[in-house]
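With chain A held as given, fit chain B onto it using these hints.
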Amino acid sequence: MTALEASRHSRPVRINALLVAGAVILALVALAAVFAPLLSAWPPTRIDHLSFLEPPGPGHLFGTDSNGMDVYSRVLHAARIDLGVAVAAVALAVTVGTLVGLIVGYIGGWADELTMRGLDVVQAFPVFILALTVVAFLGNSIPTLVLAIGLINAPPYARMMRAEVRSLREHIFVEAAECAGNSRTSIMFRHLLPNALTPILVIAPLNCGWAILMLAGLSFVGLGVTVPQAEWGAMISAGAADIVGGRWWTTIFPGTALFITVLGFNLVGEGLQQITGRRR
Amino acid sequence: MRLVVFVSRRLALLAPVLIGVSIATFVLIRVLPGDPVLLIVPETATAQDIADTRERYGLDRPLVVQYLDYVAGIFRGDFGSSITTNRPIATDLAQRLPLTLELVVLALAIALVLAITGGLYAARHVGRWPDHVTRIGALIGNSLPEFWLGLVFILVLFQGLGIAPPPTGRIGTGFDVVRVTGFISIDAALSGNPAAFLSALHHLMLPVMTLALVITAPMLRSVRASAIETRDGDSFRCAEAHGLADRVLSRAYLVRQTLIRLPTLAAIIFGNLLGGSVLIEFVFSWQGLGQWALRGLLLRDYPVIQAFVLVTATAYVLVFLLADILQAALDPRVKV
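So the sequence lines, in the order shown, correspond to chains A and B. For the first sequence, our numbering assigns the number 1 to the initial residue and increments by one for each residue that follows. For the second sequence, our numbering assigns the number 281 to the initial residue and increments by one for each residue that follows.
The shape of chain A in the complex, shown without the other chains (with noise of 0.2 Å):
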């Protein structure tokens, strides 16, 4: 053995800084989220009768809003709607969009025409604008925007699906197990799916970032999660009105609470691209 080819076999297994980074934001995010109840004294729902826009002080960590509602508390709750959401519903993209990109990527042909067709069109549209329109329509209710988010998330997904199982669809493994006399389901499913899903696992956290950007932009506009409902993006929409008057508070911590999710978010998709050679 060379010592070259020793030196490259040793190597330790490279720790990288950014995905541990995000890794570290994004657990904490999730113990707030989880121990919300018990990190804050107040519910994030009930109101101080005895003071309201009252500034950060021991009583209330962060003050409390235009409501009399304690902002700590409600920051924390928060964590749980926009993680949930934003999870949830990139899992249903991931889903679908896989499916889809699996199927007619797969088969070809007409199927595959007429849903790439379809997905020009469905792109040809602003994301948040069609997450505006949809969300307007069909309301707000949670289940409704998990849906809403994570169908028009879903087309990426289709289209790097598709076109991963199409180079693949040419390879010797796939002829091999075609001629072992395989079902089209067990070739798409246990010989295409698991080569093809890289790319899509790599993309997914940049793609939570994003979807609780979209959640979080619905609800500052009125369309998506409204008070009482502690939700970042709505907590920052209902202190914009304070600001100008000098009253940060509840807009600052809300908004600092979002940043730094989706840093986290996107830290961990930085680090997976760099980890996968996809971009350095």
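Keep in mind that the hints were calculated from the coordinates and are not lab data. Treat the numbers as computed from the prediction; the structure is a model and nothing was measured. Note that beta-carbon positions come from the ideal geometry of N, C-alpha and C, so glycine has one too. Do not rely on the hints blindly, as some may be mistaken.
[Stated by the list, open to error] Examples of chain B residues toward chain A, derived with CB under 7 Å:
id, residue
1, 301
2, 437
3, 439
4, 441
Coordinates of chain B only, in the frame set by chain A:
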């Protein structure tokens, strides 16, 4: 000649997408639950009143007839009227579109300049501090919610330091600008009123800054990455080994190859900007297309929503076409 063929072929491909977009918009708004007629009629309306209203707006006709009528109207410049204000949609569009375009185009132009200069500079200093600053900046910019950033700017630059105007719309109060082009800053300049012109520019400052900063991030990353890729590529190293002058190397080899992918990305960003401008207009009480659409969405004013979605999607598709053409012009390898 090659470009002419390319453009005409792209235009031919565009038609089915635009038809698809118009059908999708039309069907989407009618299939989704929520009957607009029930929102128009008063709560005491009888079944007969509802049927009359439906007939008056032509909503009782078959969908295909309604669609063809709608498309025929668009070709005459008639988008129908709002069901909540009764104003013709075309009038509102003409008034509000320039306000949104001013924001979007300025932000995109500034972001392109920042991304290209910053990205090339960072690529020239890989691994050193200008590069680190660029990468951290891009990461932060990619994670910032634009609507919140706008509010932070209002808090710091208006409320705190007092160097920005209040977020109360397009221009300060008391200025009467005659509409010529619809672009307020241009109209103010044309009217020969320097105070109005300055006020118009001043009010552009925060919203444009917010949008530009947020969209610079992804483009900066892309320019940096492709500049590094180009510089490490065979053609560039070969040219360098031949001893070409730095100026030739950078212009003919580095910049052109680096920017090949930028038009497509900029087109995607343009779509994001159209969406983001809805949020930014909300923050700055900017009476553009976004605020108009938002009111329409909240009141389910379906002709307004339909026109908004159709106009933004068409603009997005056309910008994509432009990006494809630019890319074909930059890159001779693009297949016609």
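Now the hints, each set against the structure:
1. 301: holds (5 Å)
2. 437: Nearest chain A Cβ about 12 Å off; hint violated.
3. 439: holds (6 Å)
4. 441: violated (12 Å)
Of the numbered hints stated above, those contradicted by the structure are hints 2 and 4, listed in ascending order.
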